[in-house]
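Here the protein sequences line up with chains S and H, keeping their order.
Using this note's numbering, the first residue of the first sequence is number 189, and each one after it goes up by one.
Using this note's numbering, the first residue of the second sequence is number 659, and each one after it goes up by one.
Simulated from the structure, these hints should not be mistaken for laboratory data.
Any given hint could be a false lead.
[What the hints assert, rightly or not] The calculated lysine to aspartate or glutamate pairs, modelled on EDC-like cross-linking and capped at a C-alpha distance of 16 Å, are:
#1 S:K250 <-> S:D269
#2 H:K748 <-> S:D269
#3 S:K226 <-> H:E780
#4 H:K1401 <-> S:D269
#5 H:K835 <-> S:E502
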Amino acid sequence: MILFDYTRAATVADALATGRQPGAAFLAAGTNLVDLMKGGVTNPERIIDITRLPGLSGIEAKPDGSLRIGALARNSDVADDPHVAKTYPMVAEALLAGASAQLRNAATVGGNLMQRTRCQYFTDAVSPCNKRQPGSGCAALGHATRIHAVQGWSEQCIATHPSDFCVPLAALDASVEIEGQGGTRSVKLTEFHLLPGDHPERETVLEPGELITALTLPAEAARFAGNARYLKVRDRTSYAFAVVSAAAAMILDGGKIGQARLAFGGLALKPWRVTEAEASLAGKAPSPEAYAEAARIALDGAKPTGEANAFKIELARRVAVRALTLAAAGTPARLPALPASPFGIV
Amino acid sequence: MTSTIEPVRHGSSIGQPLTRRDGPLKVKGQARFAADNLPPGTLHAALCVSKIARGRVKSLDVAAAEAHPGVVKVMTPENAPKLSKDPDLKDVPFTFRIDVLQNDKVRYANQPIAVVIAESLEAATEGARLLAPTYEEETPRIGLDAGEVFTPDAVGVGAPPEQVDGDVEAGLASAAKTFTGTYETPAQYHNAMEPHAAVASWDGDKLHLFMPTQGLAIAQGRLAGLFGIKPTDIHIDSPYLGGGFGSKGVPAGPQVLACMAARLTGKPVKLVPTRSQMYGPMGHRGPTRQTLRLGADEAGKLMALDHHILTASSSFDDFFEPAGRVTTTLYASKSTAIRHEAVRLDTGTPLFMRGPGEASGSVAIESALDELAFDLNMDPLEFRLANYAEVEPFSGKPFSSKALRECYAQGAKAFGWAGRPLKPRQTRDKDGFLVGTGVGTATFPALIFEGMARAEIRADGSGTVEIGALDMGQGAWTALAQIAADGLGLGMEELTFNMGSSDLPNAGIAGGSGHTATAGNAIHAAAQDVIGQLTELAVNDQASPLFGAGNAGVTAAGGRLTRRDDPSRSETFSAILNRAGRAKIEGKGKAGADAAAQKSYAMHAHGAVFAEVKVDPDLGQVRVSRLVGAFAAGRIINPHLVRSQYYGGMIWGLSFALHEKAEMDPRTGRFLNDNLAEYHVPVNADIPAMEAILIPEEDSVVNTLGVKGVGEIGITGTAGAIANAVWHATGIRVRDIPITLDKLLG
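Throw the hints in and build the complete structure from the sequences for me.
Here it is in structure tokens:
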């Protein structure tokens, strides 16, 4: 058997102290980490179980109008929270579109941010992969599949980030609360994940031993509640990663779009928010032309990594247009039976 | 049908929609599958499999693995127990070559190259990792264009690769409309929920195995040959299978490796392959590229039907997907030809997979038929009826029964086919989704194999039926017991029914949709034997109220024999046996193909499947919104179980049309989706409201019970119906299966 140390952290300080040791990994639900360990993709020497850390699973509406979600809150608990569903509907919709009910009941929101790519060449534990083994090359580059990136990739890595949850978080300006030896810091979710560049082995801004303790949605995010949708195009109705997804939201102001938000999943190694596309919508009346223009801008610079994923660029434009159309039509009073599905319109 | 078959039922079990007798055990986790067994002292084995597809293993770090705590032994070609027979020798029919460490050659990715045996599964697994194999790698041949094309000697199980009836070139030349199209179907993997587990233990030269198998005697024969022992010295327990779909028809290499590991260590060994290790040594549905050339006259009568198939087998063994077989039975055409060609690739050997041949062939021919019907401006159902085969094409034999017209009619009615626009892209629902409908014809041969059973009735009035039959989820524990109860004239509660062990009479293979026919008729014959002997006792005994009734003058039901001509005169089994001083009466029965009937008749089950799909016009995502199948398959033993089989088949057809595809990296031959997260099969949310209509069909020829198979037919027809519906919705014809959203973006 693979031998590793297992310790259960009693306090955050405790976790931070042990987490700094070489070869350490934090364990929450383990829905991704344990699979990767079984597959020999990652071999931590020290597992620090953080599931018993007190006070990290709350979902709390703050007096300033913001929402703080503890890092250990379960995906299903967040999705089912009435305040979340009402105030940040596309966050709930994205959560419910992810994985399966069983996984959502176990998985934590902090873990969701930390999940690794599903690139087949990363998970097979043998192919050259710069992320798994820096300097070994990228086996995916010569045989990209539909899950590979069309935005923000480099010659070193063409993987994508698989999260649904992170897409509306990026769109809504969420920030990540991080504890470290030096204290607490806050990083915008859009800046939390790193593009591959020359160092695909670095996936987030977390320094060794740092721990995510919470996510915060700013008060401003609640203003989008009436016109916000997450749309996920996928190869089957459940338990499938997005081929392309989009979170679209707007604040309508006297028949015009006051502000818009637009972010994509399935395109890049991080949730792909395009503020230029958002800006193009501001001040315009909601219209197919305006959405098409935003979609065009959003996919500016997109480049396929192979024949198999070239379609994703046009698909992403259409997903953006549809998501914006749905958002403009208004958030449904209740989440659809098939959340985020094109067939789930209410 | 004009003839009415003799009633074969004495009791009241056949035809009843009983729920699965093993259902409560399975729901409670109490049904013991092979891997649930752990005899005292059992060691755990883990496979080390090849990460290359072609070449040889250069080194294995055996020392590192053996140094790992808990590892007992590493089995490699160096120390593997010597087999009595070369595992590549095909001296017995139905033998497939397996990889059991006979040398250092690698013939496909995921091929076992060593086995680590340890005190725990964890130690074995880590030991396998520590072997860190190095290879001498050759360029693998992956994909239908990678090999040299040749004509195989046979396709499927002994079928001819080429068959010609009439002159297709002349037929095409004389046709008013012709159509040519090429369709591709990918390699698919069985993915039974239960892996090919084996728990093996030796007692001298006797071998005991807990192992799921679809063929107990086949497995005994194969293992006996390999280990140089008698088949009767091999005992296999296989009470439940977590699915087989053909992949458990013959013992897989890893199951043989478990036996070898047990021999090497002298201890019981349990070996359960991982999901990804099942992509290679357990068979798969071979890929196909099928070109159909069709011609029809003005009235829509087929003048020519030409079906060419390119498929693939492994570099070292033969199984060729017989995708053209369906064309020899399905439609009437003035001329018909099928021709199979193949290439050899560096993959595991393909194998029969639920609906072998028919499933792949059906999606191509049903698609092509619709493409030609549209050219002819004909309704697809009308076109099929215009080419209805009244007798079997090629052979010219009449069908033993064929209620296909009724299937079309009732299916169309239930579905609401009438009034369907001929042109595609005509219909949108209230939400703007494109809506289309399609039809496909379902067909599968009605097979029967050789099988035996034994039965007895005891003086206390109870009875037993025993047979080495197998339940792989289809419900054999229930349906066969129903046949047994009726055969013996007992209620289900008076019957002890045993199956799933090699100690019981050989019931042949649970495959080819022939198991209910084979095992059922063997059981029926054994029961008839018992009832015959009991009758003999009674009618010749002056003390019996049945005296003088004659052997044909009584029926058995409710634990009694009763005079046909006077139901008031009857006697219990118990009374007859007690008076005769007999503790029990034993009987035996056999089933098998009736050569004379097979010479005179073509025997197939039939059906018609109707599908409605919705397609997002911009995003290409497809949702099947309705599926209706109407099937005629002879006598229905248990309508509840049969309906489930049809649902399962239709869902597989949906999976075939929209989801399943094994992906390999052509550079390495390694799989990209050898797991159930990424090898897609549908989830519950993909499955629409379904209806399976059971069309009554009597068949006095096919076998005594008049049953045909229902296990595979549901896939055929369904995939084609969905492909046709997608075209009808969108106007886009996808000829490259599966139909994924990227192909529908327009």
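These are the hints, each one checked on the structure:
1. For the hint pairing K250 of chain S with D269 of chain S, the CA-to-CA distance comes to about 15 Å; that is within 16 Å, so the pair holds.
2. Pair hint K748 of chain H plus D269 of chain S does not hold up; C-alpha atoms about 63 Å apart against a cutoff of 16 Å.
3. Restraint check for K226 of chain S and E780 of chain H: satisfied, since their Cα atoms lie roughly 10 Å apart, inside the 16 Å limit.
4. A C-alpha spacing of about 38 Å is found between K1401 of chain H and D269 of chain S, which places the hinted pair above 16 Å, so the restraint is violated.
5. The suggested pairing of K835 of chain H with E502 of chain S is violated, with an alpha-carbon distance near 37 Å, which exceeds 16 Å.
In terms of the numbered hints stated before, the structure departs from hints 2, 4 and 5, listed from lowest to highest.
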